[in-house]
Amino acid sequence: DPKIIQKPKYLVAVTGSEKILICEQYLGHNAMYWYRQSAKKPLEFMFSYSYQKLMDNQTASSRFQPQSSKKNHLDLQITALKPDDSATYFCASSQQDTQYFGPGTRLLVL
Amino acid sequence: GDSVTQTEGPVTVSESESLIINCTYSATSIAYPNLFWYVRYPGEGLQLLLKVITAGQKGSSRGFEATYNKETTSFHLQKASVQESDSAVYYCALGDNTGNYKYVFGAGTRLKVIA
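Protein chains in written order, with the numbering used here: chain A, 1 to 110; chain B, 111 to 225.
Just so you know, the hints here were simulated from the structure itself, not pulled from any lab data.
Distance condition first, Cα-Cα at most 25 angstroms in a straight line; then the derived DSS-like pairs of lysine-lysine:
{"hint": "1", "chain 1": "A", "residue 1": "Lys19", "chain 2": "A", "residue 2": "Lys7"}
{"hint": "2", "chain 1": "A", "residue 1": "Lys41", "chain 2": "B", "residue 2": "Lys222"}
{"hint": "3", "chain 1": "A", "residue 1": "Lys71", "chain 2": "A", "residue 2": "Lys9"}
{"hint": "4", "chain 1": "A", "residue 1": "Lys40", "chain 2": "B", "residue 2": "Lys222"}
{"hint": "5", "chain 1": "B", "residue 1": "Lys180", "chain 2": "B", "residue 2": "Lys168"}
{"hint": "6", "chain 1": "A", "residue 1": "Lys41", "chain 2": "B", "residue 2": "Lys161"}
{"hint": "7", "chain 1": "A", "residue 1": "Lys19", "chain 2": "A", "residue 2": "Lys3"}
{"hint": "8", "chain 1": "A", "residue 1": "Lys82", "chain 2": "A", "residue 2": "Lys41"}
{"hint": "9", "chain 1": "A", "residue 1": "Lys9", "chain 2": "A", "residue 2": "Lys41"}
{"hint": "10", "chain 1": "B", "residue 1": "Lys161", "chain 2": "A", "residue 2": "Lys3"}
{"hint": "11", "chain 1": "A", "residue 1": "Lys19", "chain 2": "A", "residue 2": "Lys70"}
{"hint": "12", "chain 1": "A", "residue 1": "Lys70", "chain 2": "A", "residue 2": "Lys7"}
With the hints as constraints, model all of the structure from the sequences given.
The following block contains the structure:
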């Protein structure tokens with residue numbers, strides 16, 4: 001059974017719209033993260049949360065807002081979508097120093 | 111800043127041949143980085159392949175191994191005999207062990223193993 005669930009797997013959006021990427025982890029971890037991988041670029045750290053509190057934010061744009069309604073959830077709301085936001089977004093979780101990743105949500109903004 | 115550089119792909123290797131994927135890192139803000147190799151098989155997410163948190167130590171998994179070399183700031187991934195099922199994208203990453211768990215990834219190396 002998958003331990004980190006990301007929904008949806010694929011997402012197509014129009015420029016200017018808003019989308020929410022879902023992440024749930026069933027590993028019992030206290031820390032969760034978001035990373036982004038754009039075409040031909042490395043995975044890039046976006047946010048880290050610990051016990052539902054924001055620990056680090058490396059995303060310059062306020063259009064990206066993580067939302068943690070439960071300890072094992074960390075969703076990512078993206079507003080005013082732009083074509084440059086097209087990427088695969090990975091959620092991860094950790095208990096100590098090893099992060100475990102979800103399968104990713106592939107977002108295409110037209 | 112911190113960075114990871116790895117072999118640029120794609121890398122094509124014949125089955126049963128040996129493999130090395132180079133990884134070098136720069137950890138200017140992390141005194142004692144943890145080093146990782148992740149693998150992404152087609153259609154799947156990132157999986158942890160191996161990790162080493164102590165300089166001089168070697169990690170191994172599924173026939174792959176990598177040694178944390180602090181002198182050369184390297185963490186090369188090696189396998190003596192690859193199989194078709196090893197075809198995937200391999201990512202080298204470094205992490206902080208002080209509680210700031212932002213990972214820095216290399217660009218990934220696509221490996222294709224041919225029969």
